[in-house]
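Just so you know, we're using our numbering here: the sequence shown kicks off at 36 and counts up by one.
One or more hints might be untrue.
Cut-off 25 Å, straight-line C-alpha distance, at most; resulting in silico cross-link-like pairs (SDA-like, lysine to any residue) [stated by the list, open to error]:
(1) 143 to 166
(2) 65 to 102
(3) 65 to 88
(4) 143 to 132
(5) 185 to 159
(6) 184 to 95
(7) 66 to 78
(8) 66 to 105
(9) 65 to 53
(10) 72 to 52
(11) 143 to 84
(12) 99 to 123
(13) 141 to 171
(14) 185 to 107
(15) 185 to 72
(16) 99 to 127
(17) 141 to 111
(18) 185 to 138
(19) 143 to 111
(20) 141 to 174
(21) 143 to 181
(22) 99 to 138
(23) 143 to 155
(24) 143 to 89
(25) 185 to 115
(26) 143 to 78
(27) 143 to 72
(28) 185 to 102
Simulated DEER-style distance windows between Cβ atoms [unchecked claim]:
(29) 38 to 109: 24 to 30 Å
(30) 38 to 145: 40 to 46 Å
(31) 48 to 158: 25 to 31 Å
Calculated from the structure, these hints are not laboratory results. Nothing here was measured: the structure is a model prediction, and the numbers come from that model. Beta carbons: idealized from backbone N, C-alpha and C, even for Gly.
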Amino acid sequence: MCPNTCLAFTGPYADLARCPRCGEGRWDPKKTTATQKVARQTFDTFPIGPQLQALWRHPDHAEKMRWREERTQSILDELKMTGGIPDVYEDVLHGKQYLDACQSGKIKDRDAVLVLSIDGAQLYESKRSDCWIYIWVLFDHSPDARYQKKYVLP
C-alpha cells in the first residue's frame with residue numbers, strides 16, 4: 036500500500052516500485068535487502084465470504100443463523116392473519132423493503148443478510164491523517180446476539 040494511502044499495489048499496480056499518484060516509494064529502504072523486499076505500509080483485509088462460510092460450516096453457528104429465516108416466516112404468517120399490517124415493528128425484519136425482497140425471491144432462506152457500518156475520523160488538526168473502520172453486522176442472528184463482539188465481523 037502507498038504510504039500516503041493513495042492506492043494498494045495490487046492488480047495493475049502490482050509491479051510498481053513507486054506510487055503513480057504521489058511518487059512515494061513502495062519499499063522500506065531500511066528493511067529491504069537484496070533478497071527480500073519489505074513494504075513501507077501494508078493493509079490487511081478479512082473477506083466477508085470466507086467468514087460467512089466458516090459460520091455456516093459450524094453446526095452451532097449454522098443453527099443460530101437460521102433465526103432470520105424462521106423469524107421471517109413467522110412475520111409473513113402474522114401479516115397474512117392481520118391483513119398485511121404487523122402488530123408491532125420490533126426489528127428490521129418487519130420492514131417493507133426487506134419483506135418485499137423476501138417475497139419476490141431477491142432474499143432467499145439461506146442467504147446472508149448483512150449491514151455494513153462505517154465510521155471515520157480525522158486524527159489531527161492538520162487533517163493529514165485519518166482513520167476509517169468498518170464492521171459487518173449479520174442480521175441472520177437474533178437482535179440479542181447480533182451486536183455481540185463474537186458475531187460482529189471485521
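Next on the checklist: If you test the structure against every hint from before, which numbers come out violated?
Outcome noted: 1, 2, 3, 5, 8, 15, 18, 23, 25, 26, 27 and 29
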